[in-house]
Each structure stands twice: as C-alpha cells, then as structure tokens.
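These protein sequences, in sequence, are chains A and B. Residue numbering for the first sequence follows our numbering, beginning at 1 and increasing consecutively. Residue numbering for the second sequence follows our numbering, beginning at 1 and increasing consecutively.
One thing to keep in mind: the hints can contain errors.
What the hints assert, rightly or not - Straight line, CA to CA, 25 angstroms or less: simulated BS3-like cross-link-like pairs of lysine-lysine:
1) B:K69 x B:K49
2) B:K58 x B:K69
3) B:K49 x B:K100
4) B:K49 x A:K57
5) B:K112 x B:K69
6) A:K57 x B:K112
Think of the hints as simulated: they come from the structure by calculation, not from any bench. In this text, all values refer to a predicted model and were calculated from it rather than measured experimentally.
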Amino acid sequence: KAGVTQTPRYLIKTRGQQVTLSCSPISGHRSVSWYQQTPGQGLQFLFEYFSETQRNKGNFPGRFSGRQFSNSRSEMNVSTLELGDSALYLCASSLELAKHDTQYFGPGTRLTVL
Amino acid sequence: AQSVTQLDSQVPVFEEAPVELRCNYSSSVSVYLFWYVQYPNQGLQLLLKYLSGSTLVKGINGFEAEFNKSQTSFHLRKPSVHISDTAEYFCAVSEAGGFKTIFGAGTRLFVKA
C-alpha cells in the first residue's frame, strides 16, 4: 500500500507570496492532519480534516487555511508569507483520528521563505 | 488543555548501553500516549502507543514504554541501543474524543560507537 505523499518536497518563496501544499493520504484513510515543524517550536498542530470537514484547528493566524476533497486528498494554503513561516510542513493520515488510530506521516514539504 | 514535556533535549549514549527518554504530560481528562521517531529528512514513524490495558507497552525496534498515571509520565526505554537508533524521538498525547495530537519538543538521541 502506498504511503502518504506530499508535494512538492521543497519550495522556495518570497515574503508576501502565497503557497499551496498538497497531501495524498493512504488509500482508505479519511482523516488528514497538518503540522508545522520548526527547530524552535517543534511540531505544532495546524488542523485536522475528516470527510471534507475541519474538526479542529491549532493556534495559527487566518493566513493558514486548508481543505479536504472528496477523495480525502488535502491541501493547505498559506497566504502573505512571512519569514517565520519557513518550516517543514508535515501531513499525517489515519483511518479515524478520533478513535486514535495510528497516524502515518508523509516526508514533509520544506518551505523556505526569503 | 493537554501538554507534553520532554525533559531532555539531547541524550548522548554509547552503543549497546541502555537508554531512557523521559516524557511527562498534563491533562484534565483521559489521554492516549504515543512515541514517534523521526530519522533525518523523513517524516515521523510510530514506535508505540498506549490506549488502555497493560501499562507496559512494547513497540518496534526493541523499544518499550511504561504509562504511569500517578506520575503522569510515559518514559521510553531500550535495553541496548544501536547506532541506527540515532534519531529524534517525540512523545505525543491526545485526549479521549479529541481531534488533535499534541507533540513534545523532541529528544535527540545520539548513539556513539
């Protein structure tokens, strides 16, 4: 079974631009969570989607948004990029997060904002 | 709100020595606990999880962890480490019925020959 895939793997943007990251979960998984990983803050929860509905959101500004499609693929968008948005963005999928099924992580998208 | 504290940011240890990575959590409700490992340039991989039942949980790669409710701890142990165990280890907690997982800051395990 194919694992979680994230595209692109690397991205370089400049301040003020916007970016869209994509995550394809493991086949059959309906829950997708997004995390931001930085050396200073560690892993911070961004949001979780299940069946196209956002069920929870972390403490991030409104510039961070996401969505999930009917095939469970998910995208996150960051608008008006800031230098501090440089990070590794990780996506994780599970059958049903609320039942504490195992989360499977993708390799991440490394975003650099110049 | 739940939180997770990993007490050591870095743990250097010699090959074949035992290791313990410490994790404490706080929550006002029932929790589920996890340990993940992250190798360089990779995503996270689940080592083990505690949902209920026996407080001693065995995971992959010879790791185990013990849930201690009175001390709100979930320390990870391995009796004999290998060079290949060098990685970053994350403790995580989620609350019963919750829709998010909170991660600790991570502990970098460095195994020396």
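Okay, the hints, checked on the actual structure:
no.	hint	in the structure
1	B:K69 x B:K49	15 angstroms, holds
2	B:K58 x B:K69	17 angstroms, holds
3	B:K49 x B:K100	15 angstroms, holds
4	B:K49 x A:K57	23 angstroms, holds
5	B:K112 x B:K69	33 angstroms, violated
6	A:K57 x B:K112	40 angstroms, violated
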